[in-house]
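Chemist: What follows is the residue order along each chain.
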Amino acid sequence: MMTRRRAFGLLPRYLVLVPFAALFVFPFYWMLVISLGTLQSVFVFPPYLYPLGHFENYLSAVGLLPDPSTGQYLQIPWARYFLNTVIVAVSSTALVLVTSVLAGYAFASMPFPGKRVIFGLVLAIYMVPAEVTLVPNFIILADLHWIDSYQAQIVPFGASVFGIFLMRQFFLGLPHDLWEAAQLDGTGHLRFLWLIAAPLARPPMVTIALFHFVASWNAFLWPLIVTNSDNYRPVQVGLEAFSYADATNPVLHAAGSLMVTLPILIMFLLAQRQIVGGIAASGIRG
Amino acid sequence: MAIARRRPRRQEGQISGFLLISPAMLLLIVFVAIPALWIFWLSFQRWDLISGTSDYIATANYQRLLLRDEVFRKSVWQTVYYVVGTVPTSMALGLFLAVLLNRAMPLRDLLRTLIFTPYVMPIVSTALIFSFIYHPDVGVLNALLNGVGLPKINWLSSPRAVMPAIILYSVWQHTGYNTVIYLAGLANLGPELDEAARVDGARAWQRFWHVTWPLLSPTTYFVLLVNMIASFKVVQPILIFAGGVSGAVAGGGGPDKAAETIGYYLYVQAFSFFHAGYAAAISVVLFLIILAITGLQVGIISRRVFYR
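Residue numbers (our numbering), protein chains in the order written: chain U, 1 to 286; chain V, 1 to 308.
Everything labelled a hint here was simulated from the structure, so no lab data went into it.
Among the clues, some could well be false.
[To be verified] Per label pair, the in silico range of CB-to-CB distance:
| no. | chain 1 | residue 1 | chain 2 | residue 2 | range |
| --- | --- | --- | --- | --- | --- |
| 1 | V | Phe40 | U | Ile147 | 23 to 29 angstroms |
| 2 | U | Thr70 | V | Leu66 | 47 to 53 angstroms |
| 3 | V | Trp77 | U | Lys115 | 41 to 47 angstroms |
| 4 | U | Arg273 | V | Gly52 | 46 to 52 angstroms |
| 5 | U | Asp230 | V | Leu193 | 55 to 61 angstroms |
| 6 | V | Ala230 | U | Ser229 | 27 to 33 angstroms |
| 7 | U | Tyr14 | V | Val84 | 31 to 37 angstroms |
| 8 | U | Gly173 | V | Trp213 | 29 to 35 angstroms |
| 9 | U | Ser229 | V | Trp41 | 29 to 35 angstroms |
| 10 | U | Ser229 | V | Phe208 | 51 to 57 angstroms |
| 11 | U | Pro46 | V | Ala60 | 51 to 57 angstroms |
| 12 | U | Leu49 | V | Pro191 | 21 to 27 angstroms |
| 13 | V | Val84 | U | Leu262 | 46 to 52 angstroms |
Every residue, glycine too, gets a C-beta built ideally from N, C-alpha and C.
Taking the hints into account, I'd like the entire structure generated from these sequences.
Modeler: In structure tokens:
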């Protein structure tokens, strides 16, 4: 009786929440519907609201079957785009982890002159939006002859204020006894960090890695500016170029969109607890 | 032997903290600090991004930007329009959904995840799908309008509709973030005060307005700051909906420049017209706006924030 009354009391919440959740999911469903339709089914009004099952569209999008609208085989180097994105996302995530762990540890556990001032300046840097520094960064990369390269997409994002901050917070919370015991054994900072502190710091490292990987996978504006060949273009820029170069077949654009979204969607669903938890924690601190 | 091994090896322990912070510091200095300062100097130059030639022209960029550039003036207003359209809507919606989700109930995590998903998905593909949804002839949004007897709208090609369309996309994209932050804020409050007010006979709306809302003010302050900054510097949705790779060559900005924002104008000046000095002047203005928002909020609003 009690539980039934409780469930009844929750009903209004569901009546509001479920339609809202459906609205937030609808565009992804729509991506699927269009990608599995035909040119005829897509250009029909009112539109079909359910998927038709033309899975061969995906083979057309990757160039294994001809584009139904033109009869031509598409020549989109998707494999190259995905490889570029994976190379950039993995290496910049690795770089961010290394720089964040080292700096976070030093700011938390090592005495050095000017530490407070330097950390304050690092936090101040957090206020500089990437959009504001687009132009000088482009000039710097051009001077380094890095335009159209992997390093242009990796190195400028190799250090993260958020990462340093998160690692420092974690290392500040480590019991001091650990360090004292290690010192008795003659262990220095680097060995202690490598053997004891860093292995304990898995949770913040996972959060940093997930955030950075997602951001790197989704990056669009910066790679659009610093790449100009398919050799180094990531999937996001490739998808955008595809959708503008060939405006004839929205079905294949939707198939492309879904291919680009799916890996990050799967990763998000697998790691959503850590990602949502990390976002929530960043809000509490602020 | 054992004793020798136990002796602290001083030289290893003496490794400098500077060494450990240096990789991060080097990257932050070269790619954030120097560029942030450099835009001020660049903004006094005429600098061609292709040829690399430059000459000092004092405040000419600012005079043109602030006094004579109609497109820039328009971009400031359209940015304000975008911010005013996006921030309060997605904050209110985020808070509303968070309040509803702030309770033990079946499917809670699933609902939260569904609402949050758009925030982590790539902008290029979600914006592409929205442009199908906004299609004037066969889009599902116009089908919906048609269904309830309203006329079709040229969402992305009418000067009056393009900004609302982009705002709607941004609200969809950003609300999940606000929901998650507000949920964390609500979880932090705990149920005790709300229970106490309930015992005192306060109605749900009174409890929210007199108890929850004031206690949530630190969260609201944080969410407002993050949303304002993200919205003032918006570039990417504009680029996809109203510029695009090819559109930007012609200046883009949507029909009648109705989707021109400061960040987008900066991008076009720098990377379509290659006016690096002029783009730097726009960067300075954008930077100052963002610093002012941060300063204002830290200075004024935070004094009114209720901290427990």
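Chemist: Can the suggested window of 46 to 52 angstroms be confirmed for the beta-carbon pair U/Arg273 and V/Gly52?
Modeler: Once the Cβ atoms are compared, 49 angstroms apart, the range 46 to 52 angstroms for V/Gly52 and U/Arg273 holds.
Chemist: Is it true that the C-beta distance of U/Ser229 to V/Trp41 lies inside 29 to 35 angstroms, as the hint says?
Modeler: Holds, at about 32 angstroms.
Chemist: State, for the Cβ atoms of V/Ala230 and U/Ser229, whether the hinted interval 27 to 33 angstroms holds or is violated.
Modeler: Hint holds: Cβ distance 31 angstroms, inside 27 to 33 angstroms.
Chemist: Holds or violated: 41 to 47 angstroms for the Cβ distance of V/Trp77 and U/Lys115?
Modeler: Holds, at about 45 angstroms.
Chemist: Could you tell me whether the CB distance from U/Ser229 to V/Phe208 stays inside 51 to 57 angstroms?
Modeler: The hinted range 51 to 57 angstroms holds for U/Ser229 and V/Phe208, with Cβ atoms some 55 angstroms apart.
Chemist: So does U/Leu49 sit 21 to 27 angstroms from V/Pro191, Cβ to Cβ?
Modeler: Taking Cβ atoms as reference, U/Leu49 and V/Pro191 lie about 41 angstroms apart, which means the hint is violated.
Chemist: How does the Cβ-Cβ distance of U/Gly173 and V/Trp213 compare with 29 to 35 angstroms: does it lie in that range?
Modeler: holds (32 angstroms)
Chemist: Between U/Asp230 and V/Leu193, does the C-beta distance stay in 55 to 61 angstroms?
Modeler: holds (59 angstroms)
Chemist: Taking the CB of U/Pro46 and the CB of V/Ala60, does the distance hold inside 51 to 57 angstroms?
Modeler: holds (55 angstroms)
Chemist: Evaluate the given range 47 to 53 angstroms for the C-beta pair formed by U/Thr70 and V/Leu66.
Modeler: holds (49 angstroms)
Chemist: Taking the beta carbons of V/Val84 and U/Leu262, is their distance inside 46 to 52 angstroms?
Modeler: At roughly 35 angstroms between Cβ atoms, U/Leu262 and V/Val84 fall outside 46 to 52 angstroms, so the hint is violated.
Chemist: With 31 to 37 angstroms as the target window, see if U/Tyr14 and V/Val84 comply at their CB atoms.
Modeler: This hint holds: roughly 32 angstroms between Cβ atoms.
Checked against the numbered hints listed earlier, the structure breaks hints 12 and 13; every other hint is satisfied.
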